[in-house]
Amino acid sequence: MSGNGNTQAFTPGEMMTIAASRALKGEDVCFVGIGAPSAACNVARLTHAPDITLIYESGTIGTAPDVLPLSIGDGELCDTAVTTVPVPEMFRYWLQGGRVSIGFLGAAQLDRFGNINTTVIGDYAHPKTRLPGGGGAPEIASSAGEIYITMAQSKRGMVDKIDFYTSFGHGEGGDHRQRLGITTAGPTLLITDLAIWKPDPVTKEFTVVSLHPGVTRQQVADTCGWTVRFAEELAETPAPTELELKTLRDLQARTKAAHAAAN
Amino acid sequence: MSGNGNTQAFTPGEMMTIAASRALKGEDVCFVGIGAPSAACNVARLTHAPDITLIYESGTIGTAPDVLPLSIGDGELCDTAVTTVPVPEMFRYWLQGGRVSIGFLGAAQLDRFGNINTTVIGDYAHPKTRLPGGGGAPEIASSAGEIYITMAQSKRGMVDKIDFYTSFGHGEGGDHRQRLGITTAGPTLLITDLAIWKPDPVTKEFTVVSLHPGVTRQQVADTCGWTVRFAEELAETPAPTELELKTLRDLQARTKAAHAAAN
Amino acid sequence: MAMFMPLAQAVSENLKNGDSAAFEGFTHLIPTAAAHEAIRQGFRDLTLIRMTPDLIYDQMIGMGMVRKMVFSYVGNPGVGLLRRARDAIENGYPRDLEIEEHSHAGMANAYEAGAAGLPFAAFRGYLGAELARVTPTIKSVTCPFTGEVLAAVPALRPDVSFIHAQKADRKGNVLVEGIVGVQKEAVLAAKRAVVTVEEVVDDFDDLHPNLCVLPSWTITAIAVVPGGAHPSYAHGHYVRDNAAYVAWDEIAADRERFAAWMQENVIEATPEDFAGRVKHLRKAA
Amino acid sequence: MAMFMPLAQAVSENLKNGDSAAFEGFTHLIPTAAAHEAIRQGFRDLTLIRMTPDLIYDQMIGMGMVRKMVFSYVGNPGVGLLRRARDAIENGYPRDLEIEEHSHAGMANAYEAGAAGLPFAAFRGYLGAELARVTPTIKSVTCPFTGEVLAAVPALRPDVSFIHAQKADRKGNVLVEGIVGVQKEAVLAAKRAVVTVEEVVDDFDDLHPNLCVLPSWTITAIAVVPGGAHPSYAHGHYVRDNAAYVAWDEIAADRERFAAWMQENVIEATPEDFAGRVKHLRKAA
Numbered sequence: 001m002s003g004n005g006n007t008q009a010f011t012p013g014e015m016m017t018i019a020a021s022r023a024l025k026g027e028d029v030c031f032v033g034i035g036a037p038s039a040a041c042n043v044a045r046l047t048h049a050p051d052i053t054l055i056y057e058s059g060t061i062g063t064a065p066d067v068l069p070l071s072i073g074d075g076e077l078c079d080t081a082v083t084t085v086p087v088p089e090m091f092r093y094w095l096q097g098g099r100v101s102i103g104f105l106g107a108a109q110l111d112r113f114g115n116i117n118t119t120v121i122g123d124y125a126h127p128k129t130r131l132p133g134g135g136g137a138p139e140i141a142s143s144a145g146e147i148y149i150t151m152a153q154s155k156r157g158m159v160d161k162i163d164f165y166t167s168f169g170h171g172e173g174g175d176h177r178q179r180l181g182i183t184t185a186g187p188t189l190l191i192t193d194l195a196i197w198k199p200d201p202v203t204k205e206f207t208v209v210s211l212h213p214g215v216t217r218q219q220v221a222d223t224c225g226w227t228v229r230f231a232e233e234l235a236e237t238p239a240p241t242e243l244e245l246k247t248l249r250d251l252q253a254r255t256k257a258a259h260a261a262a263n
Numbered sequence: 001m002s003g004n005g006n007t008q009a010f011t012p013g014e015m016m017t018i019a020a021s022r023a024l025k026g027e028d029v030c031f032v033g034i035g036a037p038s039a040a041c042n043v044a045r046l047t048h049a050p051d052i053t054l055i056y057e058s059g060t061i062g063t064a065p066d067v068l069p070l071s072i073g074d075g076e077l078c079d080t081a082v083t084t085v086p087v088p089e090m091f092r093y094w095l096q097g098g099r100v101s102i103g104f105l106g107a108a109q110l111d112r113f114g115n116i117n118t119t120v121i122g123d124y125a126h127p128k129t130r131l132p133g134g135g136g137a138p139e140i141a142s143s144a145g146e147i148y149i150t151m152a153q154s155k156r157g158m159v160d161k162i163d164f165y166t167s168f169g170h171g172e173g174g175d176h177r178q179r180l181g182i183t184t185a186g187p188t189l190l191i192t193d194l195a196i197w198k199p200d201p202v203t204k205e206f207t208v209v210s211l212h213p214g215v216t217r218q219q220v221a222d223t224c225g226w227t228v229r230f231a232e233e234l235a236e237t238p239a240p241t242e243l244e245l246k247t248l249r250d251l252q253a254r255t256k257a258a259h260a261a262a263n
Numbered sequence: 001m002a003m004f005m006p007l008a009q010a011v012s013e014n015l016k017n018g019d020s021a022a023f024e025g026f027t028h029l030i031p032t033a034a035a036h037e038a039i040r041q042g043f044r045d046l047t048l049i050r051m052t053p054d055l056i057y058d059q060m061i062g063m064g065m066v067r068k069m070v071f072s073y074v075g076n077p078g079v080g081l082l083r084r085a086r087d088a089i090e091n092g093y094p095r096d097l098e099i100e101e102h103s104h105a106g107m108a109n110a111y112e113a114g115a116a117g118l119p120f121a122a123f124r125g126y127l128g129a130e131l132a133r134v135t136p137t138i139k140s141v142t143c144p145f146t147g148e149v150l151a152a153v154p155a156l157r158p159d160v161s162f163i164h165a166q167k168a169d170r171k172g173n174v175l176v177e178g179i180v181g182v183q184k185e186a187v188l189a190a191k192r193a194v195v196t197v198e199e200v201v202d203d204f205d206d207l208h209p210n211l212c213v214l215p216s217w218t219i220t221a222i223a224v225v226p227g228g229a230h231p232s233y234a235h236g237h238y239v240r241d242n243a244a245y246v247a248w249d250e251i252a253a254d255r256e257r258f259a260a261w262m263q264e265n266v267i268e269a270t271p272e273d274f275a276g277r278v279k280h281l282r283k284a285a
Numbered sequence: 001m002a003m004f005m006p007l008a009q010a011v012s013e014n015l016k017n018g019d020s021a022a023f024e025g026f027t028h029l030i031p032t033a034a035a036h037e038a039i040r041q042g043f044r045d046l047t048l049i050r051m052t053p054d055l056i057y058d059q060m061i062g063m064g065m066v067r068k069m070v071f072s073y074v075g076n077p078g079v080g081l082l083r084r085a086r087d088a089i090e091n092g093y094p095r096d097l098e099i100e101e102h103s104h105a106g107m108a109n110a111y112e113a114g115a116a117g118l119p120f121a122a123f124r125g126y127l128g129a130e131l132a133r134v135t136p137t138i139k140s141v142t143c144p145f146t147g148e149v150l151a152a153v154p155a156l157r158p159d160v161s162f163i164h165a166q167k168a169d170r171k172g173n174v175l176v177e178g179i180v181g182v183q184k185e186a187v188l189a190a191k192r193a194v195v196t197v198e199e200v201v202d203d204f205d206d207l208h209p210n211l212c213v214l215p216s217w218t219i220t221a222i223a224v225v226p227g228g229a230h231p232s233y234a235h236g237h238y239v240r241d242n243a244a245y246v247a248w249d250e251i252a253a254d255r256e257r258f259a260a261w262m263q264e265n266v267i268e269a270t271p272e273d274f275a276g277r278v279k280h281l282r283k284a285a
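Chains as they are written, first to last, in the working numbering: chain A, 1 to 263; chain B, 1 to 263; chain C, 1 to 285; chain D, 1 to 285.
Since the hints were derived computationally from the structure, they do not count as laboratory data.
Even for Gly, the Cβ is constructed at its ideal location relative to N, Cα and C.
Certain hints may be false.
[Said to hold, decoys possible] Chain C stretches covered by chain D per the calculated footprint, using a threshold of three residues with CB under 8 Å from any CB of chain D: (1) 20-33; (2) 111-120; (3) 176-186; (4) 250-262; (5) 269-283.
Take these sequences, add in the hints, and give me the full structure.
Shown next, in the form of structure tokens:
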């Protein structure tokens, strides 16, 4: 699918990234995970939120990459940063110090309360699949003001019960965070390739509040491992604008060219 | 007293600084207090120990000042340093990290066990004289491999009982340091304007091991507030060499000129 | 996001009677202009925090603005004692001064903990040292792995921190160079942060990535005050006015002489006067 | 005091069977040449420590050199999983691999504590996170002022740390620039430290005073290995070889293919080969 002119045609992945980008504001300080979160944060920066502060866990603060990094520590991030600090300082002064308003995470497994597993499939001591692990996520989940999660829907990924609590969302729901002494808001937004979800104010269960254009309730339900709740008033996510789509595709094209050129 | 040529004439203060400088070795990493310690350390660097590493608590590591700083944070220290680090890092990674072999301290009050007071004369809550306080000294005293002390002798300064334990030497003597869980050696050398002192191996009481040229036992005893012990074999401190005296006087002349010029 | 404004406004909007305030600077980059502005505005009942209280704290104490001081070395660096602080501590003049005294390691760790959002700092400190007896905020914590007992101090979290720095860019990012002290920690630990700078440059694009830069959004207000660190110095701009430190010893020794000096050099002066005070010190920087 | 020597000697003199070793680098400046030399010398029973084990740890694990790994993210950065590490953890091939798993915050704080000479680090971590259940070295400590319960981890103190850096001067001082990761902490926390560098320059006289410079006396040995961080990058010298990371995913997926690749590219190669590997990446740096 080539983007020039044809702004009506877009992939679910593009819709997911663009919907996520819209949730970010210029005054946000965003701790960026790699992959879809990174694309969303940079689309936000290149469209409606030019002043957003993007932080990557490699120590790069206030980055403005022209191409998307492959890893969280590509040279582009350092070259364009306001400052680059040691990793212990990043986790102590900047994340734990309470200076991050939004932590943007992906997930291998996610449950309805925003708890995330990126550690193992199966038993921890005898895993079926050993995943990379938590990295920065356990403390991003508790120290960032709010958590946004983005992932493509699948029954394997959105499960009734995750195999391992890599990072804590709302636990068993309700006031579970407060009971653990966690003072931050936790997951407040889930953006998938099909819908936008927000936690129920009381139970904290993720509830669909907006369907992406052309998506049905049935599609959402069929690609989710738990029984999906829908908000009483269900919105339709506005389709990507020409600018949003062009920005995302240009960014991805520059990225592809840059990564190929260096090799 | 002008230094040119007349190397036989020297002041007690010059003898003190030069005797202190001789105690330092090229492989030492020395945490330098201001005043006499700073002069001694830099004379060592400019004579027999060119490779000595001098650290000032302002964060300047490996400095080689051409003139003596008035304060521990003069620009000259930063300009000539291998690197300049934040003050928290200085105290955490460099001092507490066990990287300092010699801590060089002065004292307002000193007792026979190398305990130092630079905090108050009189009662802490209602002091007769409020002194500047400990600064870096309390942790230099416990974290540096050894402590060298330098001060001019006087009954007011070298006292039977100090008014306040700003930094701990050998406490009440013997194994008092070990009983507090301190693993470093503590004060191993005291250099005054009259003599060189070392702690008794068992009692840890400072004992005169060498008299400076022309100094008598009586002079030492008359200017010390405790009953002085002398080693069985008492040496005479070698007089300053021509090079030592010239180096010290040139350093002080450059310092005086530089401090005047800036004003 | 840092707002550029005149120093008088930056001080009046960010300092209040009764605040805990840190005017930090470790021999270098001491925020003298900000302190003098605070003196002119006549704040009261301040708790002043600083590792190395020097002339400006002596001045604020002498003017009766200070209820309590948290510190680790109360001296005139390289010269001797601080005579107004002594008069307050020894004689209660012009008012009683409560003190909370730490070592440098204790203060540095406490600022670091404040910047890191922790409630306390643990370090190997005060072994055999008597400050642990007289300062109630020095406690201990036991390592859960080795059993070693370490010193613990509460994090420092000033209501407002003032620092002086070399440069801001137009977006309000701030560069501190040379002896950086605890200035970064003081800013990040504080609820509000006010920075005076020597100059404003268009951007920091050519800066080395690992320098000490405080992003605009960590700072509340920036005021441009060339020379604002006098009589201390600004690395790359002007050298330390050692004569002024030596002279202070005599000025502060006498209550009347102190009062007259303050009237002439602070009360009747302005932030703009600092540029002239460092003129003769620039050639040597 | 750092001694300059060939890489083979630096590795053989400073690494022993059974050692705990950190080959640190946070995406940037990964000490690949040092790891390959360790592989050629065939060390056994190593405990490997690193925040982000990547290709070189996958390689050492796949070669059966590793008894235990201490880590916080065991992935191929930007690509996916590490297949040799997975094979060891899931199937015990070529040998069982004990793991001690932390978060990035946990590892970073533990290195910091090691550099600071402390027995443990306290931080606000693992809240509700299950690593605290499965990793015995995650304990807690209570703030003596607020009563808050914080996470505690033991300090990391590797027997030896290996890092790659841009420059050494002739005295053996080392400059690390760009994304500095935890390299300084890894060096200061270790009993011995080995550094590979891109180049040696006469002196560091023109360096900005606040850069990350490790003094010569904190380093045991320095080996000059241009390109020694490939396929990661060296800020200012050459860019990241992203294609090599993508290719590794396939190479490591198959035990035989892995063995053949290691034979050709590591066992039969030398430190001098790294210069050629980064040649085409220099123009873009």
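To see whether the hints hold, each was checked on the structure:
1. 20-33: Not satisfied, violated; 0 residues make the cut.
2. 111-120: holds (count 5)
3. 176-186: Holds, because 3 residues of the region 176-186 of chain C bring their Cβ atoms closer than 8 Å to Cβ atoms of chain D.
4. 250-262: violated (count 0)
5. 269-283: Coverage by chain D is violated for the region 269-283 of chain C (0 residues, Cβ < 8 Å).
Hint violations for this structure: numbers 1, 4 and 5, all remaining hints satisfied.
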